[in-house]
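My request is simple: use the sequences and hints to build the entire structure.
Heads up: the sequence lines are chains A and B, in that order. Counting from 1 along the first sequence, just add 11 to a position and that's the residue number in the working numbering. Counting from 1 along the second sequence, just add 453 to a position and that's the residue number in the working numbering.
Be a bit skeptical, because a hint or two may be false.
What the hints assert, rightly or not - Computed cross-link-like contacts, DMTMM-like style, restricted to lysine to aspartate or glutamate with a CA-CA straight-line distance of at most 25 Å:
1. Lys-495/B with Glu-86/A
2. Lys-454/B with Asp-480/B
3. Lys-68/A with Glu-456/B
4. Lys-68/A with Asp-520/B
Keep in mind that the hints were calculated from the coordinates and are not lab data.
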Amino acid sequence: KAGVTQTPRYLIKTRGQQVTLSCSPISGHRSVSWYQQTPGQGLQFLFEYFSETQRNKGNFPGRFSGRQFSNSRSEMNVSTLELGDSALYLCASSLSGTSGGFGTDTQYFGPGTRLTVL
Amino acid sequence: KQEVTQIPAALSVPEGENLVLNCSFTDSAIYNLQWFRQDPGKGLTSLLLIQSSQREQTSGRLNASLDKSSGRSTLYIAASQPGDSATYLCAVRPLDTGRRALTFGSGTRLQVQP
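Quick look at the structure:
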C-alpha cells in the first residue's frame, strides 16, 4: 500500500507570494491533518480534515487555509507569505482520526514539503 | 492548555545499551498517546500508539508505557543499534472532542554510537 505523498517536496518563494501544497493520503484513509515544523516552535497543528470537512483548526492566521476533496486528497494554501512561514510542512493521514476506535488514530506522515520564503 | 515535555533533549549512547526516553504531559484527560521517530529532514514514522485505557504497548525492541494519572509515558529501547539514531517525539490526543489536535513534545535526539 502506497504511503502518504506530498508535493512538491521543495519550494522557494518570495515574501508576498502565495503557495499551495498537496497531500495524498493512504488509500482508504479519510482523515488528513497538516502540521508546521520549525526549529524554534517544533511541530504545530494547522488543521484536520475528515470527509471534506474541517474538523479541527490550530492557532494560525487566516492566511493559512486548506481543503479536502472527495477522494480525500488535501491541499493547504498560504497567502501573502512571510519569512516566518519558512518551515517543513507535514501532512498525516489516518483511518478516522479522532472519532474512530482503537488503532484507527495511528498517524501516517508524509515526507513533508520544505518551504523557504526569501 | 496541554503541554508536553520530553527529557532529555539529546542523548548519546554506545551500541547495545538499553535506554529510556521520557515524556510528560500536563493534562491527564487524553484519548491516546503516540510515539514517533523522525530522521533528519524527513517525515515522522509512527512507532507505538497507546490508548488511554492501556498501560503499555510493545513492538519488537520497543516498549512504551503510559501512566495517565501521573502524566507520564516512557519509551524503552532495548539493545540499541546505530540505526535507532533519530529524533523521538511523543504526542498526546486530548479527550475533549472540541479540541482534538495532537500536541507534540519537542523530541529527544538520540545518537547510538557504533
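So, going through the hints one by one against the coordinates:
Using a Cα cut-off of 25 Å, the hinted pair Lys-495/B and Glu-86/A holds, with the two alpha carbons roughly 19 Å apart. The hinted pair formed by Lys-454/B and Asp-480/B meets the criterion: a straight-line CA distance of about 8 Å does not exceed 25 Å. Between the alpha carbons of Lys-68/A and Glu-456/B the distance comes to roughly 17 Å, so the proposed pair stays at or under 25 Å and holds. This hinted pair does not check out: Lys-68/A and Asp-520/B have alpha carbons roughly 28 Å apart, beyond 25 Å.
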